[in-house]
Structure formats: structure tokens, C-alpha cells
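Here the structure of chain A is known, so what remains is to put chain B in place on it, guided by the hints.
Chains as they are written, first to last, in this note's numbering: chain A, 2 to 497; chain B, 3 to 325.
If you're looking for bench data, these hints aren't it; they were derived computationally from the structure.
Heads up, none of these hints are tricks.
Distance windows between CB atoms, simulated:
#, chain 1, residue 1, chain 2, residue 2, range
1, B, L317, A, R339, 21 to 29 Å
2, A, R239, B, A316, 43 to 51 Å
3, A, T373, B, Q148, 51 to 59 Å
4, B, L317, A, K120, 42 to 50 Å
5, A, A17, B, L317, 21 to 29 Å
6, B, A316, A, A117, 38 to 46 Å
7, A, A117, B, L113, 44 to 52 Å
A few chain B residues that don't get close to chain A, going by computed Cβ distances all over 10 Å:
#, residue
8, F63
9, I115
10, S156
11, Q301
12, V302
A virtual CB, placed ideally from N, CA and C, is assigned to each residue, including glycine.
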Amino acid sequence: MPELNLSGLVKTFGPARALDGAALSLRGGEVHALMGENGAGKSTLIRILAGLETADSGAVTLDGAPLRLGSPALAEAAGFRFLHQELQVVPALSVAENMHLARPYPHRFGLVDWPALHKAATAALARLGTTHIDPRAMMGSLGTGDQMLVRIAATLLTEGAAPWAYVMDEPTAALTGTEAARLFEAIAALKAAGAAILYVSHRMDEVMTLSDRITVLRDGRHVATRDRSATTRDEIIRDMTGRDLTDLFPRRIPATAEPVLSVRDLRAAGLGPLSFDVAAGEVLGVAGLSGSGREVLLRALIGAVPRKGDLSLRGAALATDPAGTWAQGLAYVPPERRTEGVMPRRALAETVVLPHLGRLSRLGFIRRRAATRLVARLARDVRLKASGPDQPVAELSGGNQQKVLFARALAGDPAVLLLDEPTRGVDVGAKFDIYALIRDLAAKGNAVIMVSSDLPELIGLSDRIAVLAAGRITGTLPAAGLTEAALLTACYQRES
Amino acid sequence: MASFLRHYGSLIGMASIVLFFWIALPDTFMTLRNWLNISQQLSMLVVVAVTMTVVMVMGDFDLSVGAMASLSGVVAAVLFTQGLPVPVALAGALAVGLLGGLANGVLVSLLGILPFVATLATLTMFSGAAFLVSGGKTIFGRDIPQGFADFARSGLPLGTWDGKPVLFPALTLLAAAVTFAVWLVLEHTLYGRRLYAIGGNAEAARLAGVRVTALRLSAFAFTGVGAAVAGLMYASRVASANPVQGDGLMLTAIAAVFLGMTVTRDGQPHVLATVAGVVTLGVMDNGLTQLQVDSYVRQVLVGAIILVAVSISALGRRAIRLR
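Same shape as in the complex, but just chain B:
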């Protein structure tokens, strides 16, 4: 029973959440339009959570991703105001993500600072830098090129419904592409399996010839770039950039990875499980909003669900250990 709960408890929980909203909102919840809407809303979170999974498989984590997402959006916007072409501005923002991620990697793997402390410090620095770069203001309107803002509104046409065109959102496509790429890397490449080995037992991995220091460093860089991509997606979606707009992504992303870990057989982070975690959180948010549940109550509920899922998983694991 305990092992059944451990293996399937979270999946059943996730399915029953979907089922609950389907019944409670018969007309609006289980519709293509709503799901496309959810997928677009969640696309940034998916990118952050999925790239966060890369460091979490090593047993590390990165608190600075939200601040990095804010920073990259602001950097791109400021470069736009300088009249630079869109590709150059985007490259600049991504470079900032890469450098920030490398900085985290150096602190954690070369200097041996705990990820919590190192990324808490860089979180503060990235956040301060975002305010510095933007002058503390929201950059919007004519400063943001139309082509950049249009990206988030574009998509693959799926047909028309009620006379309006239905699009498969470009942001969702991008998130799916990132997910697929990270899944491929973590599950099917040398690089990914070595990251998993570090998470399994870092000292054993080192003695077996895994270059732990270099790999950890690169994984943090990966996560930094992911956060920057998410920041750009956010900026495109709201056609503006301010120095705090990505901050909320970090806690939710970590929560999603943990929620996902309750689904996997071995209790390890896994890309697809992370996506399941993100979707669960997103569906709850969407459904509760439609039910007009107060947003503060919503927050309490989402936190409680995470606790319940993680507790069940921990209890299941303990039952197995006692056996």
C-alpha cells in the first residue's frame, strides 16, 4: 500500500485535481482554448523549472533564476532603447544569463560555497543590477520593438473557432522545445548521465573519472541561460520589462521540481516529472482563479498541496526503509 501510494499517489493526486476542475467548471475548464491559455501562461515557468532541474539532478539548486529572469528582460529592453537590432539585444540578454550562471558555477564548484549561500548572494546582486540597469523604471511602449512583442502573440494557426483564429502559442512551442532539448540532454547524453551520477554520489563519481568540478560549473551556466530565456519570454509577453517581473518564478520553479520528484520512481528530479509539477501548479492556479477563489486563499491552498504531496512521498519512502 505504501509503495503503491509512493509510486502513484502523486499521479492520482494530479489527475484528481484536473478531474475536480473539470466537474466544477464544466463549460470552461476542459476546453482547447483554456488549455492553450494555461500552456502559454506556464511557458516561462516551464523553461525555468526544466533548466533548474539540470542543477537539481546534481543535488544542487539555484535561487538566483528569478532575479536573472528579471535582469535579462531589463537588459534586452535597455538595449532596445539604445536602438540596437532585436537579435543583438537578445544575444546581449542571453550573454548576461550565461555570465551570471557561470558566476554561480564558479562560486559553487570552484570555491566550494554552498549553493544556497552562493545563489542567495547572486540573487541579491542580479536583482540590484536589474534596478541599476533600468533605473528602477518599467520600460515599455515605443521602446519595445513591435517584432519582439509580436512573438508572444504569434503561434501556429490551428483553425478558427467562433470566427476567431485559434493559435498554438509560440511561447508554448518554445517551452516544449526547451523541455525536449533538456530531456534529451539529461536522459540520453553522456553529459546528462554524468550529472545524475554526481547527484547519486559525488565522491564516487569523482573516483570513477567524472570531472565533477567542470560539470557542476557548466550545469549552473545552463540554468542561468534558461532563466534568461524565460525572462525574455516574459518581456515579450507583457511587451515591457521591469526589474522585478521575473522574481516570482524562482520559488514556484523549485516547488514544481519537488512536486515532480514525488512522481518519479526513484525520487530523483526528472524533466518530464518537473513539467507535470508545473502543470499541476498551473492548473490549480487557473481553476481556482476561474472559481473566483481569492488570490491569498489560492496561495495557501497551493502551498498546502505541495506539502501534502511531499509528505506522502516522504512517508512512502520511510515505510520502504522500515521494511
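This is chain A alone, in the form it adopts within the complex:
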């Protein structure tokens, strides 16, 4: 069995140390989970393996011999294959053709031998235990999970050096339960054939069932490599955060009873009917599995998708479009920061003031000084780390980009703050700042509705947690004393 060893890896980007003594050993025939908070150095380590970055120092050996990396071609020659969340597929070509993109098609009489092409594809898929995918189907007609299986199967077609190590970066992030189960079967098939799988995931459940060993990185350093059978979740979390989880969340302050937002019979695509109230000073958490309506709820409230129902904010009917709801005192932090939130190439101040331009202008003309003052104050409030208001958002870290969106949301002192996955892709330091902001805001009497797939975060921050399943609220639980296991169980329960 091949064995890959990385030790003492250091990689700096300007003043920032992404890796500072990272280490990893990967053996054929194992599933090895790589864990760590965002910013811990996982992606840098993977990029070094893939030849997209070069380490400043450190040793990489394969079966004891030094291994040269530094370009994608070298990584491929070393037998590494990479599966990213964003798959590179050609939707308008067939499954079999997608599998042959990087290699010659079989030919006969100078023409493409279609039967042979499809047979090769079918055989490769079968080696993963996958029989439900037709190699003639258009790639674009497949779900994300099936596309991922096709990509894995394609690696089995290689002539020459067969791949032996698969790096999977959050592979289940966009998969349904069934799709994930199929992926796990494929992983088992690869492992049985002697391949190594480096599995990067935040999902503790998957890691604890799939992996043989777990390596944790923190702040670019190797913390521990543990056998899964000899460790616990709590130990891994301590490894990742360097502290017990209970310290993560600021102390909560009891909410008042005065309802701010009242929702009756809300319906939208894949959602409802559902009803709930949020009180001033309350943080209402929303939990649910993917596809439960969790993704739609806040978009429906802000008016980004068509909706029906009686919604009122402090007694007044709620507008049905974002322009109206922002003006009434709602604020929204969308889940996809880059595509839905910021203007990446523009000065960060432009993103911050955008929903508030109306208030910041007189007779249609922008009051520049007022806008500058506002941005400066908010940047302080959210503890934004940036060179100034003119810095393009794209140059900021994920956490600071998220703080830009928080600054934008806080600018209007919103009656109700809608947070969709508020700490997705945010490093742990910024996470603390964001948690504190949410708590402060609630303490000042603003209402917060927070949708999150991060259960500890939901439990730690919310006063109550509404559980969504199949578009409806199946229960509302007080967060105090709630365990992750109990919340997850509630998520899986369909209404009777």
C-alpha cells in the first residue's frame, strides 16, 4: 500500500501564515478525514497537493522517497485526484463523453466508436457499484451527486499510473441524503480497491462514520491525528477550536414578549403554510435538513421570491419586494456572500450603503459626508479589518466580507435582522465577532431570525428554534438545554 507523508509544511501569503508546520500521512486503503475550522489551512494543504501552490518549506514523501509537486500535471502523475464542490462538467455532452474529456475517445475506422465509448463508461461506473446512470444521458440532466459519481468513475479510466489517492473537499455539501449514501458506497468501493481517500468535511456525523483516521489542523498547525475508533466528537471539537464549545457563545439575555414580526399562513415555492411570531430582543433560530424549506424561508420574508400570506411588521402589512421590506426595517444577510451579497470588485463602502442610499440622499443627491461617516462607524462596530472604505471587497477574507454584509444590515438599525447561514465560510475569529454582534443586537431589542445548518451555533445563539420539515414548522423548541442530538432528531421527524 502506498503511503504519502507530509511534514513541517509552511506556506505564507504576505504577512499571513496559512500553514505553519502542517503534517499529514495518508495510506492506501484508508479514509482519512481532514478537519479544522475555516482558515485552519485545509484548503492550502489541498492546493499544495494539487500543485496549485508551492510550500515555502516542508517535506513531502511517497513511500519514503521525496515527491516533487508544484504543478497539476505532477500531482496527477503522483496518482492524486481531486473532487471539488464546484464540479467541472460540460452539461451539454453525454455522461460518457464527460468521462473522456481529458483522454482520447475510442476510434474505429477513423470515427468515434460510440458503443465502445459507452461500454467503457458503463464499466467504470460499475466499478463504483453505480448502475443507475445511463452513459448516454446528458450530463446536465444529472443531479449534483450523480455528476460527482461520474467524475469519480472517470478517474478509473486512466491508462498508465492509476490514481490511488482521492481528495474530496466537502463532497456532500450540495448532495441530498440518497446521493450522499451513493457517494459513500463509491468511497467504500475505492477503499476496498486499495485507494486512499482524504475526506475534508465539517460534518461530524459523516466523519465519525466514514473515516478510519482523523487529522485536525488549527491555525495552519498539525494538532493531532487520531484513530476514529479511539476518539470522540468532543475531543475533535476541542482539537479544532482549542477550547470547549460552551465558551463559544456569549451569555443570552431573556427576550421580551412584544411581537415585532408576525407571520400567518406564509406560502412560497416549497414552503408553507406556516405561521410564527418573533418578539423584540429575541433570536429565533430555524433548523431543518436541506430541502426542508430552510433555504427559502428568509428569501420569502425579504420578498426575493413570490409569497402569499398575512405578514405584518409592528402591525403594518409587510411589503412583498426587497425594496419595500428593507425600507420598512428588515435587513437581510444572504447565504451566498459572493453571488448574492457583495459587489466583489467595488469599494466595500458601496456594498455597505447600497440599501440605505435613499436615507443618505437629499433630492436624489447622495450626501457623501453622511455616507462616509456611516461606513466608518459601522466598520468600527463590526470590527472590520480592511485598509479603508475604498478597498475592493474581493481583497478581504471571508470573515471580513461577511462583516461587510453585517455592517450593511446594521446600518438601518433593523427591526428584524434576517440571517441566512451567517457564518458560512467564516474563520473562527470572525465567528466570535459575529456571534457577539448578533447577541448585542438582540439585547438592544432588535429581533433576529437566523437560519443555519450549524447546529451548535443555532443552539448557542437562539432563544427558540423552529424546526422545518417538508416546508412546515414541525416544532418550536426552547434552545436552553437542547442538545445537538435532540435537535437533529427533531429535524428528521416528519410531521405526523
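Chain B in isolation, oriented as in the chain A frame:
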């Protein structure tokens, strides 16, 4: 170095073009008369390019402006031949510009057709309409009221030179006024900043409460009116109107906006940068004509300069991304 080139490369390029002609044409180039002449020649292009900038800040563009300029000139001329007073004819031509622009806006923002396809189609329609309205003929001579033609020849007297009065051309003044107005709107009003937001990230803008559909529609209307104004300026300058006289404005205007984008810090369209782009193209044209460079060669040179400027800017940006 790369970032220096990116920030100042185009400005240095523009300055060296001016310097080159100054040295090559010591007697005629750097004179007030020549610059007033250039400014007048460029005034129509400035109006088209500056109002084109309004849609380009949203990441859209409008191919129909040249055809619209032709159409508006012809419409005004035909209304003149019907004996209508000048203000009425001008209002009619501007209304055509507004309607054409609104049509583009509806196609792009309400129906969601790509700007390239939508405005290519309306370009063809406006052009056909210009031929229909004019019967394919040039309208000139006594049909064009003296007052209308005189506008392009008038100006603010600056004094006399060689016994002849020197005027600051009315067309230049008009172009400057349009530039100032569009600059004010794009840089200092709610409306303009929201257009920029749409260009920065349309979905994010929508979720932040920007009425993207309505704004896009209105911006195309703005550009349509700008094209109509330019068509009228052209008709006044040549005291005639034919169905193709504005057609050449479109490509040059887009080229000028792109050239301008190489100057701006963030690589976005910007009104003053667009004017710099127009001036660069105009100065090259003027200088090369004075050097008696063949007009075909001139065309190749102008195209090459645009490519060089845009390439340098793209390379600079890539260097920054790789950092």
C-alpha cells in the same frame, strides 16, 4: 510595476499620443483653433459615448445608438419638410429616441433578452425605419430651416484671430453640458449609484432592495435619448439628414468607453474616463489626418491602439489576481 502600468499606463499612452502629434505637427496641432475644431468634431461622439456609459455601468451595452442617431436626424428633417416649427420637430425626434430606448429597455429588462441580441435587432429596425421615413434620400437644402443649421455654426465669441472671430462652438458646449449632467447623475445621485450597484452584482443589488428591472429599463431610455440628441447635432452640423449618417457612432462610442475603462482605478466605466477615451480617438484621427496618413491605414492604427490599451489593462489585472 504591473499595478503602476495598470493605473497609469493608459494615461501615459494618451499623453504620449498628444505629445507625439505636438512634435510632429509643431505649427498646427497644439493651437486653440485646432483643439476647438477637434472638440466640435467630437461633440456628437461625446454625447453618444457618455450616454452609452449609463448602460455600460450596469454591464449592459446598446448597439442601436448609431442607427437611432440616424433615425432621429431623419425624423427631424422630415418634420421640417412638413413645415412644422423647429422646436416641435426637435421634440418629435427626441420622442423617437425616448421610445426607441424604452423599447430596448423593455426587451432587455422585462423580457430578459441579452442586450447584444435585443439591440442588434432594434439597430436593424431603427435603420430600416430611417430609410422608410426618408424614402432613402438625403434631406437637405431649403428643407432644413436656417435656424437649425445655424446652431452648429454658432458659439460663444472668444475674440478675433487673424481678423476672423474665434468661437467656442455651441456643439462643444452642448456636449460638455450633457457630460456634466451625466457625470452628476452617475456619480452623485441615488439613481446613478444604484446603476453602478447593478453592474457590481445585479443579484446582490436586487436582494438589497434595488429595483433592478425598472432601473435598467430607464437607463436604456436615457441612452436612446442621448443617441437622438447626437443625431440632431449631426444633422445641424451638416445641415442635412440621411438615413445612415449616424451609423458610425456606435462602434467608436463603445471603443471609447472601453478605452476609458482602462484608465479607471477599478476598471469600471466612468463618464470622465469615457471622455478621455473619445478625446484620444479624436486626437489620433485629427493628427493622422493632418499628417496625411491614408484613411484606411488610420483605421488599422486606431484599432491597434485600442487593442494595445485593453491588453495592457487586462495583463495588469491578471498580474494582480496572481499575486
